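Participant: Sequence:
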Amino acid sequence: MREGKGKSIIEFPENYCIVDVETTGLDFEYCRIIELSALKIIGNKIVDSFSALVNPGTWNIYNDEIGDFAPTQILIPDFVTELTGITNDMVKDKPIIKDIIPVFSEFISDSILIGHNIVAFDSNFLYDDFYKSGKLLSNTLVDTMRLSRWILPDLDHHRLSDLAAYYHIDVFGTHRGLPDCNTTFEVYNQLKNTCIANFGNIGSFLSYVKSRLSKTYYALRSKDIKTDKKDFDVSNPLYHSVCVFTGTLEKMTRREAMQIVKDLGGECGDSVTKKTNYLVLGNNDFCKTIKGGKSNKQKKAEKLKLEGIDINVISESVFYEMAGIE
DNA sequence: TCTCCTCGAGATCT
DNA sequence: CTCGAGGAGA
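Per our numbering, the very first residue in the first sequence carries number 2; after that it's consecutive.
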């Protein structure tokens, strides 16, 4: 879907275009753009702007009176007019999107596009209309909502209005193309300021994000868990044992469970081997790829046990008993 | 150790 | 769409 669409990146470019679209609704298939706006920023300064009201065009739907399919004007729902102030009258003599795309395309050229929720919303409407005009929207995207979630993680919400309020940005008319572009521009600059204030510089922020994101690809490894304990209870069954987990634990995260093992003088393994002493079974229900209710780790553990290896497959509750946890 | 996959929860756009 | 959780295979 939407092949060749530009990538979403976490960055703070100095040259870019802020983009905002108003539409007849949220649905990509049935809704249409009614306003298309953009600001061109070079060296952090606004140097140009673009804004156009758009006639949403027509649907080819069955007309009872004519007894055939006929083009019917797509209307702006009342709640959208309420929200944006854009009426059917305002767009009725405006060009359709197909006639605006070439101008808009030339305006943005190949610059990075920045917008609030642009990755999941604006860019998809634009991509589809570009596509219908035989063009590919492949511009790289920077989403201020995504930036905001990294830079202001404690905020309850990251809507554009929330960020405008948080930064005390004066908003001149909301839910219209250019005003929203201007708000987004202000928000972007403030996010950059906060970023530098909190991380020292953009570079350390970017490497923080990068390391955090890459961790989502790398499963938790036993080497990530360290203990500062020295005096261990040598009678505890987990002492000097090698413990492996599979599935999701009910009472704690896997990281916490691994920490308990290490604190008791045990070791954790990332996979079941001949050195493994305990395999702790969590819940596998969520995992559709596991057939027959057994993970590969459990199958391997049972195979090794048949070969005479001293390996015990235990439940989560037995693990807590062994660890001395209520 | 590295690369890539899948799923669910949560949030935002008009 | 993003992120964090768990996973497979080489």
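If you are wondering where the hints come from, they were derived from the structure by calculation, not from laboratory data.
Nothing here was measured: the structure is a model prediction, and the numbers come from that model.
It is possible that some hints are incorrect.
[What the hints assert, rightly or not] In silico EDC-like links for lysine to aspartate or glutamate, alpha-carbon gap of 16 angstroms or less:
1) Lys-41 - Glu-187
2) Lys-136 - Asp-111
3) Lys-99 - Asp-69
4) Lys-136 - Glu-107
5) Lys-6 - Asp-157
6) Lys-41 - Asp-129
Participant: Run every hint past the structure and note whether it holds.
Facilitator: Hints and how they fare:
1. With a C-alpha separation of about 14 angstroms, the suggested pair Lys-41 and Glu-187 falls inside the 16 angstroms cut-off, and the hint holds.
2. Proposed proximity of Lys-136 and Asp-111 is supported: the alpha carbons are some 12 angstroms apart, at most 16 angstroms.
3. For the suggested pair Lys-99 and Asp-69, the alpha carbons sit about 25 angstroms apart, so the restraint of at most 16 angstroms is broken.
4. A hinted pair counts as satisfied when its Cα atoms are at most 16 angstroms apart, and Lys-136 with Glu-107 qualifies at roughly 12 angstroms.
5. As the CA atoms of Lys-6 and Asp-157 are separated by approximately 30 angstroms, the hinted pair breaks the 16 angstroms bound.
6. Restraint check for Lys-41 and Asp-129: the C-alpha separation of about 22 angstroms exceeds 16 angstroms, so the hint is violated.
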